[in-house]
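If you read the protein sequences in the order shown, they are chains A and B. Quick note: full-length UniProt numbering has the first sequence finishing at residue 173, numbered continuously throughout. Quick note: full-length UniProt numbering has the second sequence finishing at residue 315, numbered continuously throughout.
Keep in mind that the hints were calculated from the coordinates and are not lab data. On a predicted model such as this, the values are computed, not experimentally measured, just so you know. Glycine residues also receive a C-beta, built at the ideal position from the N, C-alpha and C atoms. Hints are supplied without guarantee of correctness; some may be wrong.
Ranges between beta-carbon positions, derived for each pair [unchecked claim]:
no.: 1; chain 1: B; residue 1: M186; chain 2: A; residue 2: R154; range: 42 to 50 Å
no.: 2; chain 1: B; residue 1: A312; chain 2: A; residue 2: F169; range: 42 to 50 Å
no.: 3; chain 1: A; residue 1: Q33; chain 2: B; residue 2: N210; range: 20 to 28 Å
no.: 4; chain 1: A; residue 1: A166; chain 2: B; residue 2: N248; range: 43 to 51 Å
no.: 5; chain 1: A; residue 1: R154; chain 2: B; residue 2: A209; range: 36 to 44 Å
no.: 6; chain 1: B; residue 1: R236; chain 2: A; residue 2: Q40; range: 33 to 41 Å
no.: 7; chain 1: A; residue 1: D7; chain 2: B; residue 2: K121; range: 20 to 28 Å
Per the computed footprint, the stretches of chain B lying under chain A, defined by three or more beta-carbons under 8 Å from a beta-carbon of chain A, are [what the hints assert, rightly or not]:
no.: 8; region: 63–77
no.: 9; region: 158–171
no.: 10; region: 251–257
Chain by chain, the residues:
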Amino acid sequence: MAALARDIWDTDVLPTVAEHLVPIDDLRVSLAQNEQAAGQSHGLRPEGEANPWNFAVSGSGSIVEANTTSRAAKLQVDTTGDGAADVTVQLGPVIRGTAIRDAMPFLIFTDFRDQIEFAKLAGGLNAMAHERLSLPEGDIIGRTVSFEGVFTYRDLASAPEVVPTALSFEAPE
Amino acid sequence: MKTNRRTFVTGLAGVVTLAGTSIGHAQGKGLIAIITPSHDNPFFKAEAVGAEARATELGYETIVLVHDDDPNKQSELFDTAIARGASAIILDNAGADATVAPVRRATEAGIPCFLIDREIKEAGIAVSQIVSNNYQGAQLGAEEFVAIMEESGNYVELVGREADTNAGIRSSGYHDIIDQYPDMIMVAQQSANWSQTEAFEKMESILQANPDIKGVICGNDTMAMGAWAALEAAGRNDVLVVGFDGSNDVRDSILAGGIKATVLQPAYRQAQIAVEQADQYLTTGSTGLPEKQLMDCVLITAENADQLETFALGA
């Protein structure tokens, strides 16, 4: 499954993210107005009851907190400018969830032998996301980061945990 | 709701004994056979009750059968359903490999099969396979387990039945999280085959060999109940236990300060969805959905346990 994830990353995954990309500020407004409508116009999810929406988003903000030594490394980013973190960017190598897999309309559970294979595919895609990232040296807190990526929507109160497909850092001031 | 006349069948042609079999009658849309593992585990009972209730509401007769996780018995039950001319079969199966053949046999006999909870190893035979997102659920359970263990200490894992895909997927979901914490040390990993009594016995002997354990993570709630009973009997109420399923038994234990957490699988709703898809398929020739469908699980702790009832979370 790691090989499949690598095969489809540049040819299928990244183009799908690009095609559905929505600025996170706009999405936040749409979700606050009407979750279902926001999901239908911007979201991606497998068919069936009780599947949460996934969104491909772009955004940028100031890094409020950075845990880069953990196996589950993360950045906490303030995208609204109020000083508080409102987006988590997952850096990995341990990346939670199955957002990238579930946002790809061409990855159908039925095509896989069982949940174990399907879970390995999700893991392979998360591993690709991690592999393509590079972090600058030194202290990054306070620097501005721009990201594109996918997250699984839980509710308005929960900060999105974005799995990045692109990440860039502005030079320190 | 309409009252069903229930007939208890204790034997069938002297070949197979269908203990606890019940047949409900309703008007005219045909018979739906509901086949699950033993109702001794309330999870499977909730599935059967959910499916039966929805089928009756939709105007079907029902026959409720249990295979006790015995593939041979399951095969005989399929023959029963075929012989009785069932319109559809709702199934929680007795093994990912062993179930392929009977599902194919029923399908070839013109009886569409709708699977819940457990997958089979082949796609394209059953009409629907609706399963909990066990991997996602296991990760939720593992994150809570790591948090209450404060990221360190010796622990035990009780795994489910090996023939069941769900045992493997939950274990790998647990370890994908737990193994990232180098101070979490697994001192024993054993299968208790989803069974409460087996979990009790395994836990007793594991505890003798490893008295210095801090937590036990279990592949399902019945094993969590067995493990907790053994720990309590040994005066080890300090050990942190996490389960998986969201049973009322574990809910009560959580609320009483016993077991710490579980992961709710929406079993009741899942069974109802399977019946709704069966009805749609029988009526229109298609469910309009892909065969394999995942349903997300929800973490249950002391925070929300009081909202849990019969494998469903209230408002």
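Taking the hints in turn, this is what the structure says about them:
| no. | hint | in the structure |
| --- | --- | --- |
| 1 | M186(B) to R154(A): 42 to 50 Å | violated (30 Å) |
| 2 | A312(B) to F169(A): 42 to 50 Å | holds (46 Å) |
| 3 | Q33(A) to N210(B): 20 to 28 Å | violated (55 Å) |
| 4 | A166(A) to N248(B): 43 to 51 Å | holds (47 Å) |
| 5 | R154(A) to A209(B): 36 to 44 Å | holds (41 Å) |
| 6 | R236(B) to Q40(A): 33 to 41 Å | violated (51 Å) |
| 7 | D7(A) to K121(B): 20 to 28 Å | holds (24 Å) |
| 8 | 63–77 | violated (count 0) |
| 9 | 158–171 | holds (count 4) |
| 10 | 251–257 | violated (count 0) |
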